[in-house]
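Participant: Chain by chain, the residues run as shown.
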Amino acid sequence: MKITVNVDGVRYDDDVEPRLLLVHYLRDQAGRTGTPIGCDTSNCGACTVLMNGVSVKSCSVLAVQADGAEITTIQGLGNGALHPLQEAFHEEHALQCGYCTPGMIMAATDLLRDNPHPTEEQVRDGLEGNLCRCTGYQNIVRAVLKAADRVEAAEAAEVTA
Amino acid sequence: MTATETAAREVGKARTRKEDARLITGQTNWTDNITLPGLTYVAFLRSPQAHARITGVDVSAAKTAPGVIAAFSGADFAAEQGSLPCAWPVTEDIVMPEHPPMAVDTVRYAGEIVAAVVARDRYAAADALELIDVSYEPLDPVLDMEAALRPDSPKVHEAGNKSYTWTLTNGDLEAAFRDAPIVLERTYRQQRLIPSAMEPRAVVCAPVAGEYTVWSATQIPHILRVMLALVTGIPEQQIRVIAPDVGGGFGSKLQVTAEEVLALLIARKLGRPVKWTESRSEGNVAVHHGRDQIQRIRIAAESDGRLRALDVDLLADMGAYLMLVTPGVPLLGAFMYNAIYKMDAYRFNCTGVFTTKTPTDAYRGAGRPEATYAIEHIMDDLAAELGVDPLEVRERNWIKHEEFPYTTIAGLTYDSGNYEAATATAKELFHYEELRNEQSERARSSAPVRLGIGVSTFTEMCGLAPSRVLGSLLYAAGGWESASIRMLATGKVEVVTGSSAHGQGHETAWSQIAADELGVPFEDIRVLHGDTQVSPRGMDTYGSRSLVVGGTALVQACGKVREKARIVAASMLEVSPEDLEWADGRWSVRGDPDQGKTIGEIAFAAFAAHDLPEGVEPSLDSDATYDPDNFSFPHGTHLCAVEVDTETGAVRIRSYVAVDDVGVVVNPQIVEGQVHGGIVQGIAQALYEEAAYDSSGNLVTTTLADYLVPSAADVPPLVTARTTTPSTLNPLGVKGVGEAGTIASTPAVVNAIVDALRPLGVTDVPMPCTPERIWRAIQEASGGAR
Amino acid sequence: MIPAKFDYVRPSSVDEAVRALASGGDDAKAIAGGQSLLPLLRLRLSYPERLVDLGGLADLRGVRDAGDALEIGALTTHYELTRDPLIRRHCGLLAEAAAMIADPAVRHRGTLGGALAHGDPAGDLPAVITALDATLVARGPSGSRAITPADFFADYLTTTLAPGEILASVRVPKLDGWGYRYEKFHVTAQAWAIVGVAAVARRANGHVAEARVGLTNMGSVPVRARAAEAAASGAEASAAALAAAAAQADEGTSPPSDLRAAADYRRHLARVLTGRALAAAAGVS
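Residue numbers (the numbering used here), protein chains in the order written: chain A, 143 to 303; chain B, 10 to 795; chain C, 420 to 704.
One or more of the hints may lead you astray.
Covered by chain A, per the in silico footprint, the following chain B stretches (three or more residues, Cβ under 8 Å) [said to hold, decoys possible]:
1. 36-44
2. 183-195
3. 447-454
4. 722-735
Just a few of them, taken from the derived set where beta-carbon distance is under 10 Å, the chain A residues facing chain C [said to hold, decoys possible]:
5. 187
6. 217
7. 220
8. 269
Derived lysine-lysine pairs resembling DSS-like cross-links, with alpha carbons at most 27 Å apart [stated by the list, open to error]:
9. B/27 with B/569
10. B/22 with B/409
11. B/409 with B/72
12. A/288 with B/72
13. B/409 with B/351
14. B/409 with B/436
15. B/27 with A/288
16. B/278 with B/351
17. C/448 with B/72
18. C/424 with C/448
19. B/22 with B/501
20. C/448 with A/144
21. C/424 with A/144
22. B/501 with B/409
23. B/436 with B/27
Read the hints as simulated data drawn from the structure, not as lab findings. Glycine included, C-beta positions come from ideal geometry on N, C-alpha and C.
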């Protein structure tokens with residue numbers, strides 16, 4: 143089946159099997175290997191990307207269901223510079239092996255879209271769909287809260303500028 | 010000798026990591042990312058039976074399916090596949106059965122490989138698997154260790170279900186127990202766990218004219234290379250193993266696997282590159298499991314709680330086969346049941362038992378969490394028996410700060426420690442006295458939610474390991490580590506380490522160490538690892554060893570570089586080498602510091618080699634291989650407060666304080682991260698995780714929907730702090746931290762739950778302490794009255 | 420990990436969808452968000468030959484104020500259920516329960532219709548719909564059909580939707596002035612409920628005038644705890660009185676014993692949690 147998908151700002155036209163998972167399409171056909179696969183039951187969240195602006199688990203979307211959609215992966219987040227979440231993850235040591243990190247950052251991006259000023263508890267709840275085995279989550283939560291403050295400050299600066 | 014007379018500049022800094030640049034931007038090189046021209050995809054068919062004879066494997070339909078290049082059964086590999094290695098036959102008479110990578114006539118656990126398909130893409134391979142027809146003649150599963158040891162039990166292997174018995178004794182146990190005022194006897198269960206690193210395993214093998222490159226999501230590229238050579242007969246120098254970016258291990262990737270061996274053999278057979286990528290549900294049955302012990306513990310004590318003796322009898326579930334270090338894992342715990350305590354007699358006896366389940370092997374802590382759990386649990390029981398505060402009982406027994414170095418009843422010599430300081434700090438951060446007061450007040454009411462406080466004072470033995478000790482324990486390899494320093498012409502530095510990080514931040518921490526040792530900026534150093542062609546020598550990463558052993562090798566190698574540089578500098582400055590002193594990356598003339606050369610200038614002089622002294626090689630490059638004399642012994646005190654809803658059994662961790670002493674800290678952020686991650690895995694064992702089997706021997710918890718790994722919403726914020734008692738055993742003064750959090754936390758949580766429920770008559774809750782188990786323990790204690 | 424092959428159609432009208440499903444019979448399955456179906460396909464627990472993607476059916480989207488009820492399109496996502504102002508105002512139980520399903524990413528894709536048509540008694544929304552006395556509206560080859568929850572959920576993962584029928588919308592009575600609570604008892608945030616209790620209660624003069632309770636995972640279908648409802652009606656709005664009423668919550672249930680919990684514990688939980696849910700719904704602090 144023919145599909146057109148915009149991935150990280152680039153348009154892809156392809157002919158795919160209906161059963162092709164979006165995450166395999168992204169990794170194997172669009173060459174976006176930054177998005178990993180961690181499980182087969184949509185629990186781990188490592189494959190999280192943004193689809194039309196909201197977070198989805200790309201292992202649980204068929205590529206044909208993404209026809210006409212805009213996908214943002216970890217590789218399309220920064221736009222040349224580091225996104226505040228990427229910076230905050232780095233500063234707060236919110237990653238160790240890094241496998242869960244793309245999905246965690248994309249999920250956090252969506253969390254802050256939905257709730258720009260989360261409490262610690264809201265951050266933990268908002269990341270319930272993303273598993274990490276290395277960090278114990280402590281620094282991830284710190285990083286998201288830090289990024290929220292920075293995004294808020296940046297927006298405030300824009301307003302007053 | 011350490012590098013500088015001035016204070017260390019990089020060691021101790023919370024440097025953000027060099028590794029992050031590629032990890033936070035998705036520019037990662039996981040094994041599954043690797044593509045090669047002509048790459049083919051392997052899928053493995055796994056036995057649905059726990060125990061069966063294979064009476065037929067028909068791959069003919071698979072062979073002709075679309076996109077399929079080849080299909081294999083065990084018969085195709087029987088002659089060449091050898092046996093997966095066990096490098097730790099712990100006794101001379103150990104029963105160590107053959108372990109074919111692909112089963113040929115018998116399967117002994119559900120998940121064992123019975124066939125393989127190679128196809129042009131992974132989708133075709135998955136489809137073709139379903140066309141393979143395997144017929145089985147079922148045999149009785151063996152699922153219970155105690156039953157397995159009875160003479161009438163079905164046999165997992167011809168030679169029987171007992172693999173070995175191993176004993177350590179010291180002191181007169183009988184005398185100690187005789188007339189002891191207090192004797193406590195307990196049986197605890199260490200449940201079976203699935204390590205669940207976030208990256209599923211993957212292997213790529215590229216054959217080129219008799220040379221083989223193997224990429225694998227492994228913790229042990231060097232060991233894997235040796236083992237692949239030994240198992241397959243392919244000459245070692247023709248094998249290159251690369252661990253690219255690896256997404257977590259925790260011991261689960263410390264292994265020589267059927268998939269790695271078969272990928273190599275298939276690539277050789279087909280003359281094509283092959284890739285295999287695991288799915289999570291495949292990994293849950295196929296990656297080795299952790300823990301799984303029945304522990305019988307007895308202590309004899311004086312009436313004031315001072316321990317006389319400890320008697321430990323274990324049944325350890327090996328699973329169906331002995332894998333790389335399977336039989337040795339419980340033995341690592343043998344030296345740790347006595348923990349931080351003094352006593353007059355100790356006996357440890359362990360029986361390794363075969364069952365028709367996935368083989369067990371190392372998982373974070375590997376034998377030491379099991380030991381710490383048992384001793385810390387029974388120490389709390391002892392405190393309850395005496396009516397004494399659990400910390401007080403421990404203090405009566407632990408090795409005092411001024412008594413170090415101390416040789417324990419298990420025969421280890423702990424170099425340094427300060428249990429008093431860690432405990433005092435933990436109590437303060439935890440508000441221990443206030444919480445105990447709150448607990449007594451609330452105990453008077455009959456409110457359904459009860460407060461419990463759990464204590465865990467631990468030490469651990471890591472920095473694996475002195476090679477002679479490993480040899481004495483019949484482990485086949487050594488425990489040294491290696492580092493090579495390359496001083497580049499432009500003054501930059503390459504550090505080649507034999508360690509193999511998979512999240513631990515060695516690229517950063519080793520840069521910090523080398524920066525101090527060589528006086529070179531942190532940014533000018535690059536750390537290389539994980540590729541046997543680049544790092545020719547190493548013993549890889551596990552057992553909280555890399556900083557202690559690899560870091561020391563690095564310090565030693567840097568020392569050799571400095572000494573070579575001294576000779577060249579003396580020649581450049583036209584003085585004698587004894588007239589030079591080192592400071593901040595420079596050799597300068599004593600008393601005339603303006604007369605000096607930086608290490609970069611010296612490196613260039615060596616490179617140009619225009620004017621080197623007679624007999625001096627034109628290179629400052631040096632390496633060092635370090636074999637430690639002893640293990641290292643981090644320690645700590647963890648305190649946990651829980652609220653238990655006795656109506657539902659639900660548990661909420663209200664606060665958690667960890668004070669750990671890991672000696673000198675190279676990078677506090679990395680250390681803290683390791684503690685956080687370790688604690689959460691230990692909490693998960695206490696509350697959530699269990700690899701559960703049904704009565705036919707099928708693993709029920711095959712997915713992350715059933716095997717409950719916690720998310721951020723399921724674990725509390727942690728308060729962590731450190732005391733610093735440097736190690737006296739290595740120049741850095743470091744002790745290692747990778748497993749400490751996991752070792753400490755499980756008993757802290759379980760002790761807290763039991764503490765909350767003791768007034769109701771509950772003395773134990775088996776792990777994982779699910780709400781149902783807690784509720785049931787309460788029902789049983791009250792005779793079902795509630 | 421990788422699904423078996425299937426054909427795929429993406430109809431642009433409900434009639435087209437109905438025809439595609441009807442002609443496929445048992446070998447055709449509807450897919451909306453796919454959050455229940457795709458894991459089954461990936462584990463090869465299901466082998467549909469044709470998937471009919473309902474995602475393009477604009478008719479099945481949206482929440483409409485229908486006077487004394489809300490008409491909620493079957494394609495409304497769980498996320499939309501949590502955010503829709505009409506649902507929050509008139510049927511807060513649905514928003515509260517939807518917020519507890521899985522995690523945010525799953526909620527962005529999973530739909531009301533999909534969750535109900537999947538028919539898993541361990542899912543949260545079937546019990547909620549049952550407690551709310553909602554009406555499920557199906558469209559099929561013989562037209563439109565209104566179905567009560569009791570008539571809709573037939574067995575474990577089995578509804579009475581006929582081949583070719585799709586859930587088009589759910590009609591939920593407005594419960595203005597009623598209190599509500601969804602108590603979801605699970606071990607970790609992502610885990611399914613061991614037991615869930617959906618309670619709505621109307622309070623009058625310090626008493627519970629009327630209560631409805633739906634139970635998650637207490638049988639092969641969602642169950643109304645009618646004995647507890649009867650006991651709660653007229654009971655004092657106090658924790659003690661409602662706990663007493665809840666003592667009958669497990670009557671008529673047949674809870675499973677599985678990896679997560681044994682039946683007797685589920686019965687106990689149902690009683691305790693029904694008491695708590697009723698108290699919360701009755702505004703008892």
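Participant: Please go over all the hints and tell whether each is borne out by the structure.
Facilitator: Evaluated hints:
no.	hint	result
1	36-44	holds (count 5)
2	183-195	violated (count 0)
3	447-454	violated (count 0)
4	722-735	holds (count 5)
5	187	7 Å, holds
6	217	18 Å, violated
7	220	21 Å, violated
8	269	8 Å, holds
9	B/27 with B/569	26 Å, holds
10	B/22 with B/409	31 Å, violated
11	B/409 with B/72	69 Å, violated
12	A/288 with B/72	55 Å, violated
13	B/409 with B/351	10 Å, holds
14	B/409 with B/436	18 Å, holds
15	B/27 with A/288	20 Å, holds
16	B/278 with B/351	58 Å, violated
17	C/448 with B/72	31 Å, violated
18	C/424 with C/448	13 Å, holds
19	B/22 with B/501	21 Å, holds
20	C/448 with A/144	21 Å, holds
21	C/424 with A/144	16 Å, holds
22	B/501 with B/409	46 Å, violated
23	B/436 with B/27	36 Å, violated
The structure is inconsistent with the numbered hints 2, 3, 6, 7, 10, 11, 12, 16, 17, 22 and 23, although it conforms to all the rest.
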